[in-house]
Amino acid sequence: MDLFKESVIIVILGVFFGLFPLWIWFVQKRENKNRIKKVNLKTLMIWHYVIIISIFAIFGGFIFLDNKYDITNSNPKTYTIPNPKIEIEFEWFETESKYEWKGYESINIGNKKYPIEENNKPYRNDKGKWVMDGVAEEGEWKIKVKYTFYGLNGLGGGHHREYEPTDLMPFMKNPFDKWETKDSSSDYFDTFHMKHKGNDSYFGDINFINNRSNHYTDLEYEGPKWLIEEDKDFFMDEVRCHIIDPKDSGFPKREKKNYYLHFNPKQSYITLYTKKFNTKK
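In terms of numbering that gives the first Met the number 0, the numbers along the sequence shown are unbroken and rise by one, the last being 280.
These are computed hints drawn from the structure, not numbers from a lab.
None of the values given here were measured: they were computed from a predicted structure.
For each residue, glycine too, the CB sits at the ideal point set by N, CA and C.
One or more hints might be untrue.
[Said to hold, decoys possible] Derived EDC-like pairs: lysine to aspartate or glutamate, alpha-carbon spacing no greater than 16 Å straight-line:
{"#": "1", "residue 1": "Lys145", "residue 2": "Asp186"}
{"#": "2", "residue 1": "Lys111", "residue 2": "Glu95"}
{"#": "3", "residue 1": "Lys275", "residue 2": "Asp199"}
{"#": "4", "residue 1": "Lys256", "residue 2": "Glu163"}
{"#": "5", "residue 1": "Lys126", "residue 2": "Glu139"}
{"#": "6", "residue 1": "Lys274", "residue 2": "Glu161"}
{"#": "7", "residue 1": "Lys141", "residue 2": "Glu221"}
{"#": "8", "residue 1": "Lys252", "residue 2": "Asp186"}
{"#": "9", "residue 1": "Lys111", "residue 2": "Glu136"}
{"#": "10", "residue 1": "Lys141", "residue 2": "Glu163"}
{"#": "11", "residue 1": "Lys274", "residue 2": "Glu137"}
{"#": "12", "residue 1": "Lys255", "residue 2": "Asp189"}
{"#": "13", "residue 1": "Lys143", "residue 2": "Asp199"}
{"#": "14", "residue 1": "Lys274", "residue 2": "Glu163"}
{"#": "15", "residue 1": "Lys280", "residue 2": "Asp199"}
{"#": "16", "residue 1": "Lys111", "residue 2": "Glu86"}
{"#": "17", "residue 1": "Lys112", "residue 2": "Glu221"}
{"#": "18", "residue 1": "Lys126", "residue 2": "Glu116"}
{"#": "19", "residue 1": "Lys111", "residue 2": "Glu90"}
{"#": "20", "residue 1": "Lys120", "residue 2": "Glu137"}
{"#": "21", "residue 1": "Lys141", "residue 2": "Glu88"}
{"#": "22", "residue 1": "Lys255", "residue 2": "Asp186"}
{"#": "23", "residue 1": "Lys120", "residue 2": "Glu93"}
[Claimed, not checked] Label-pair restraints from in silico Cβ distances:
{"#": "24", "residue 1": "Glu229", "residue 2": "Ser184", "range": "40 to 46 Å"}
{"#": "25", "residue 1": "Val14", "residue 2": "Thr77", "range": "34 to 40 Å"}
{"#": "26", "residue 1": "Phe3", "residue 2": "Pro223", "range": "26 to 32 Å"}
{"#": "27", "residue 1": "Thr190", "residue 2": "Phe3", "range": "26 to 32 Å"}
{"#": "28", "residue 1": "Phe3", "residue 2": "Lys76", "range": "40 to 46 Å"}
{"#": "29", "residue 1": "Ile57", "residue 2": "Lys256", "range": "58 to 64 Å"}
{"#": "30", "residue 1": "His47", "residue 2": "Lys256", "range": "27 to 33 Å"}
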């Protein structure tokens, strides 16, 4: 509480508990001189303080309950974001591409894919390369997996929280199907657009696909398994975000702002930052 607010409260209390009852005392004392039936000044003061304290107690109790239970429905609503759904479609061991010389031309004869069995999983050899028993060539352990997110579940819990945007609309911390304001029927998830500028992402040109009718976004990944086992917030893409209007915090500004969407595969969350992290060099 700043000094100005403290001063205002002190002045109000001083008026109701000091100046006003003092004024009543002197006025009634003067009027008693002309009255046949005198007013009991002590009783009058007691009633004054009882009424004032009751009024303050009622208003104070209402404010307390409103802050706790939002009786006036004025505070932004908060909802828990459901956990993301992770669906592993397939895992396999893929050998490196091989080339053969035919005459003066080098021809890519392709690579081979082997399904991974529970009792025969790839491992790294002494050179740090992936190998698998029964396969002569070195290769890569790969996976195809789909993540379904129902909100920006990493906001407030990412590795770089000091770089989180501070002007996001409060509803952006809710599930996608609750991206709304109190006095508007607009579905703001419908305007949460990717910019398709993830060229420097380790995940390449993979983009999130928004399902606007069911309010979720999908990320489908197909590539080396080691990448999705990293506990890092990887830059994925730029996104257009709704930000608070300083003139009316209950509604977003007409103009949107670009922030950087990040994905942590190990902890399965997505979040926003004001700068990029873990990009290709």
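Results of checking the hints against the structure:
no.: 1; hint: Lys145 to Asp186; in the structure: violated (25 Å)
no.: 2; hint: Lys111 to Glu95; in the structure: holds (8 Å)
no.: 3; hint: Lys275 to Asp199; in the structure: holds (10 Å)
no.: 4; hint: Lys256 to Glu163; in the structure: holds (13 Å)
no.: 5; hint: Lys126 to Glu139; in the structure: holds (13 Å)
no.: 6; hint: Lys274 to Glu161; in the structure: holds (11 Å)
no.: 7; hint: Lys141 to Glu221; in the structure: holds (7 Å)
no.: 8; hint: Lys252 to Asp186; in the structure: holds (15 Å)
no.: 9; hint: Lys111 to Glu136; in the structure: holds (9 Å)
no.: 10; hint: Lys141 to Glu163; in the structure: violated (32 Å)
no.: 11; hint: Lys274 to Glu137; in the structure: violated (37 Å)
no.: 12; hint: Lys255 to Asp189; in the structure: holds (13 Å)
no.: 13; hint: Lys143 to Asp199; in the structure: violated (21 Å)
no.: 14; hint: Lys274 to Glu163; in the structure: holds (9 Å)
no.: 15; hint: Lys280 to Asp199; in the structure: holds (8 Å)
no.: 16; hint: Lys111 to Glu86; in the structure: violated (24 Å)
no.: 17; hint: Lys112 to Glu221; in the structure: holds (14 Å)
no.: 18; hint: Lys126 to Glu116; in the structure: violated (23 Å)
no.: 19; hint: Lys111 to Glu90; in the structure: holds (14 Å)
no.: 20; hint: Lys120 to Glu137; in the structure: holds (13 Å)
no.: 21; hint: Lys141 to Glu88; in the structure: holds (11 Å)
no.: 22; hint: Lys255 to Asp186; in the structure: holds (15 Å)
no.: 23; hint: Lys120 to Glu93; in the structure: holds (12 Å)
no.: 24; hint: Glu229 to Ser184: 40 to 46 Å; in the structure: holds (41 Å)
no.: 25; hint: Val14 to Thr77: 34 to 40 Å; in the structure: holds (38 Å)
no.: 26; hint: Phe3 to Pro223: 26 to 32 Å; in the structure: violated (59 Å)
no.: 27; hint: Thr190 to Phe3: 26 to 32 Å; in the structure: violated (39 Å)
no.: 28; hint: Phe3 to Lys76: 40 to 46 Å; in the structure: violated (31 Å)
no.: 29; hint: Ile57 to Lys256: 58 to 64 Å; in the structure: violated (43 Å)
no.: 30; hint: His47 to Lys256: 27 to 33 Å; in the structure: violated (54 Å)
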